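> In order, the protein sequence lines correspond to chains A and B. Here the first sequence stands for residues 1 to 495, numbered as in our numbering. Here the second sequence stands for residues 1001 to 1487, numbered as in our numbering.
What the hints contain is simulated information worked out from the structure, not anything from laboratory work. Computed from a predicted model, the values in this text were never measured in an experiment. We put the CB at the ideal spot given by N, CA and C, even for glycine. Please note: incorrect hints may appear among the correct ones.
[What the hints assert, rightly or not] Not the full set, but computed from the structure, chain B residues with beta-carbon under 8 Å of chain A: (1) 1393; (2) 1406; (3) 1475; (4) 1476; (5) 1479.
[To be verified] Restraint-style ranges between C-beta atoms, simulated for each label pair: (6) 1290/B to 305/A: 44 to 54 Å; (7) 36/A to 1156/B: 48 to 58 Å; (8) 216/A to 1282/B: 24 to 34 Å; (9) 1473/B to 435/A: 45 to 55 Å; (10) 1067/B to 198/A: 33 to 43 Å; (11) 1160/B to 237/A: 46 to 56 Å; (12) 198/A to 1105/B: 54 to 64 Å; (13) 210/A to 1300/B: 39 to 49 Å; (14) 305/A to 1160/B: 50 to 60 Å; (15) 1156/B to 237/A: 51 to 61 Å; (16) 1413/B to 210/A: 21 to 31 Å.
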Amino acid sequence: MINTVDTLPAFPWLSLMVFLPLSGALLCLLHTRSERDCRWLGLTVAVATFGIAIWLFLSQQPNASGWFCVEDIEWIGRFSIRYNLAMDGIALVMVLLTTFLQIVSMLLAWPVRRHVGLFFALLLILESGLLGIFLAQDLILFYLFWEVALIPMFFLIGIWGHNRRHEAALKFFLYTLAGSLFMLLAIIGLYVIHGDQTGHYSFLISDLARTELTLRQEYLLFGGFLAAFAIKSPLVPFHTWLPDALSEAPAVGSLDLTGLLIKTGVYGLIRIAFPLFPNATSECLPIFGTFALVALFHAGWCAYHQDDIKRLLAYSSISHLGLVVLGLAAWTFTAWQGSLLLMVSHGITTGALLAMVAMIRQRIATRNLQKLSGLWAQAPCLSALFLLFALASLGLPGLANFSGEILVLIGTFQTRPIWAIMGIAGVVFAAAYMLRLIQRVLWGEPTQAEVADLSPREWLILIPLAILTVWLGIYPATFLKPLETPVLLALGGLP
Amino acid sequence: MDNNLVQIALQNVNMWAIMPSLILICFGMGLLLINVFLPRGTTKHAVWISLIGLVVTGLFVFKGWGDPQYGFNDAVALDNFAAFFNITFLVAAGLTILMSDEYLRREGYPVSEYYPLVLFTTAGAMWMASGTDMMTIFLGLEVMSVGLYVLAGFFRNQVRSNEAGLKYFLLGAFSTGFLLYGIALIYGVTGSTRLTEIGIYLNAHTSLLGNPMTLAGLVLIAIGFLFKIAVVPFHMWTPDVYEGAPTPITAFMSAGPKAAAFASFLRIMEYCFFSLKPEWTAMLWVLAVLTMVVGNVIAITQTNIKRMLAYSSIAHAGYALVGMVAANEIGYSGILFYMLAYAFMNIGAFAVLVLAGKKGEDNLTLEGFSGFGYKRPFLGVAMTIFLFSLMGLPPTAGFAGKFYIFAGAVKAGYLWLAVIGVLNSAVSLYYYLRVMVYMYFRDPLEDYAWVSMPVSVVVSIVIAIAGSLYLGIVPGFVMELAKLAVF
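Assemble the whole structure, with the sequences as input and the hints as a guide.
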């Protein structure tokens, strides 16, 4: 058994970033008496974490293979499990998205009244788990964070959710955990095969990627990982948990769920499943593409028929994720960049829309499209921003989703023109359901006499989101730049 | 008798080999004597003396680590294997004693005889782990079991407790009969009760391996232990006994004696029957699957948490059995690790039940746990950690243990067994999560009865939490120990 040497950077920024929220969560749990302190603590920690992410973004230069800030020490020697965190461009972008959306979440969680300390603690634990998922390079460490991110969401849905929250929380947890148990098995299987082959046992992704596998082994193990990632993403036909979970979750929960948690599934595909099993992947790409197109149309169709805005947004997320996976399946540089950019844009725009749904619901006490009407006349600022995010979500040029979508479609066209053409048709669906949403909510006769416009806290939430929406639409290069090297490296493994 | 023979016999006596259990027995006896002179109802001293006894024993166990002692003509071995299991028993006994005093007082049995019985039971378990002769193991099993029969039926005015004691005694005696019959048959075949001698004899005389007498002996011995481990189809006693017995004893039984049975079973199978490995692993494969499935499926339907934990402990025995099927170094040391992890997490969960229950324990239903997490935040968090650990989620001891055992199974090529085990873990999520759904997702009951939070029980819960997290977050050290402990 080879003992790899521990490497530690001058300062463990990544560990600090991952464990800062967790320690904040412990403080919140110990200090549940003062609700005010918990809110401010949560916000401060989220801002500080975001600060670290920004600092890393500005200061760190990746080495030749695209990695930086590598922290690698032995954790469980018996199984050569290592505590290995590292960051590359893709992880960096996801980390930026996570830490940013967590600040939004904290602000959005301000009006929560029940068990405030617990609520903020769970949000912070969730943040730690998510950051860990994006940074872990050891599969057991990855699995650990994968589960850690799951648990807070179970409680968030179950405690603060709506009427059918118990079933939704259980369904969410059982569904996703069942998937991840298969991943665990595949991890162990790969570990044993790799160890038997080389005599050097390791859980590091980079080591395991060098394992010689027969195609049958690849399929089996790939299937195990896919079970976890496809359910989490969620790819059609494993998507049924998302509309339930999303519509029953509290506002913040649904924001984190769509904005961040489901991104981990796609991230897992890119980071783990594809590089570890290149042959199975290249065989499966057409299947992925087909299912992605099915998702695009099926979810778009479903979204059009929803009356509950949250369910509509859930299906719209599934549809968008379909487009993301379509881009990945096309396997070109442009399409991959587009997919990753679309993940970020979707997190921002759908997150913003979910936040606004919560704001509307606070005012009018409904999310039913049949009961909403004429918001523009009463709350113009709120309505204008709602319009902005909805248009961004349907892919209006100059706003966030467009740049991602167009890159995906161009990139797909290079290898699979038919997919791209069908994809464009699918995007039309997005226009249909989004316009229906806009029309029902904003136009028409007002239903209530008085509706308050945005409060300062709500402005504070929405303005950064609006800026980012425009930024991502006009100058996506900021976010595309760090993605270049890692995407090229990821694609290099395949013909 | 020839003087010379006596001398040889005495030379072979090595007191160090049984020193830990001897100390424990001395403490138990001393405690019985002291009790005579104290008025009934005083129990504090008994708790303290027993705890001191356990700690002192623990020190001697540690002292023996890495320095194996063999005694009594190789009938007893205090090797690393025994030492590791001894630590598990001591942990189980210590946590049990810490939570007992309050519970016994509440149920109206502040009796100090209870504690020596726990100590004797633990000593019996230690003999089982260090026995290298069928007779020593049998002796240990009986010492342990007799103590447990009494403890299970300790509440002599409660029908349920009586039922538990009687049921356990009758079925236990029956299974002991099986074991003894098996030992007799094997003695008949090989002419020895020494484990290593049996193994060498069977290995040298391959014609005997297919002999019906050998096979019958193997199966009968296995049944004797499988009964104690509560493996399906020998599990029928478990739910009733676990539900009826005093809660701390249930906790103890599910961790200590079960681990002891695993210890002897492992040793016998590995020392005596290694030549028949393909046969007994095939047999255990089926039983492991049955045990996991039946335990989990029935646990789903339970509405009483104590009973649910009883059935789930059947399922956990099934997971541990997977390690035996793997029959490699990782699988075996996985069992050792899992048993220690299970002692922490399961006894911890029972300790929470001790504090949650009222007199007579009529409120350990799921409904009774509504909003428990808000009424008793500390206990809620503790229960959450134990349940996550029992589910096998990282970063808890349960995950490390399951990972260990399933890694062993995959390594040995039992991929399907690992798949079935993982699927069963998924099933178990449902009933463990349901407790949490009631604890946190429901509003507290109006007529919630407050019970005090005695320090001793809290200490046992804190130790259990510490153990569950330590073995989950930094399991490296204990995993190394477990690796050094297997043959």
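> Range hint 44 to 54 Å: satisfied by the CB atoms of residue 1290/B and residue 305/A?
holds (47 Å)
> Does 21 to 31 Å hold as the CB distance between residue 1413/B and residue 210/A, or does it fail?
With a Cβ separation near 23 Å, residue 1413/B and residue 210/A satisfy 21 to 31 Å, so the hint holds.
> Holds or violated: residue 1475/B as interface residue toward chain A, Cβ cutoff 8 Å?
Result: holds, 6 Å to nearest chain A Cβ.
> 51 to 61 Å was suggested as the range; check whether the CB atoms of residue 1156/B and residue 237/A agree with it.
Given a distance of about 59 Å, which is inside 51 to 61 Å, the answer is holds.
> Against chain A, is residue 1479/B within 8 Å by beta-carbon distance?
Holds. Min distance 4 Å.
> Taking the Cβ atom of residue 36/A and the Cβ atom of residue 1156/B, is their distance within the range 48 to 58 Å?
holds (55 Å)
> State, for the Cβ atoms of residue 1473/B and residue 435/A, whether the hinted interval 45 to 55 Å holds or is violated.
holds (51 Å)
> May I ask you to test the hint 39 to 49 Å on the CB atoms belonging to residue 210/A and residue 1300/B?
holds (43 Å)
> Go ahead and decide if the range 54 to 64 Å is satisfied by the Cβ distance of residue 198/A to residue 1105/B.
holds (60 Å)
> Is 24 to 34 Å a correct range for the gap between the Cβ atoms of residue 216/A and residue 1282/B?
holds (25 Å)
> Does residue 1393/B pass the interface check with chain A, least Cβ-Cβ distance below 8 Å?
It holds, given that the least Cβ distance between residue 1393/B and chain A is near 5 Å, below 8 Å.
> Go ahead and decide if the range 33 to 43 Å is satisfied by the Cβ distance of residue 1067/B to residue 198/A.
holds (36 Å)
Of the numbered hints stated above, none is contradicted by the structure.
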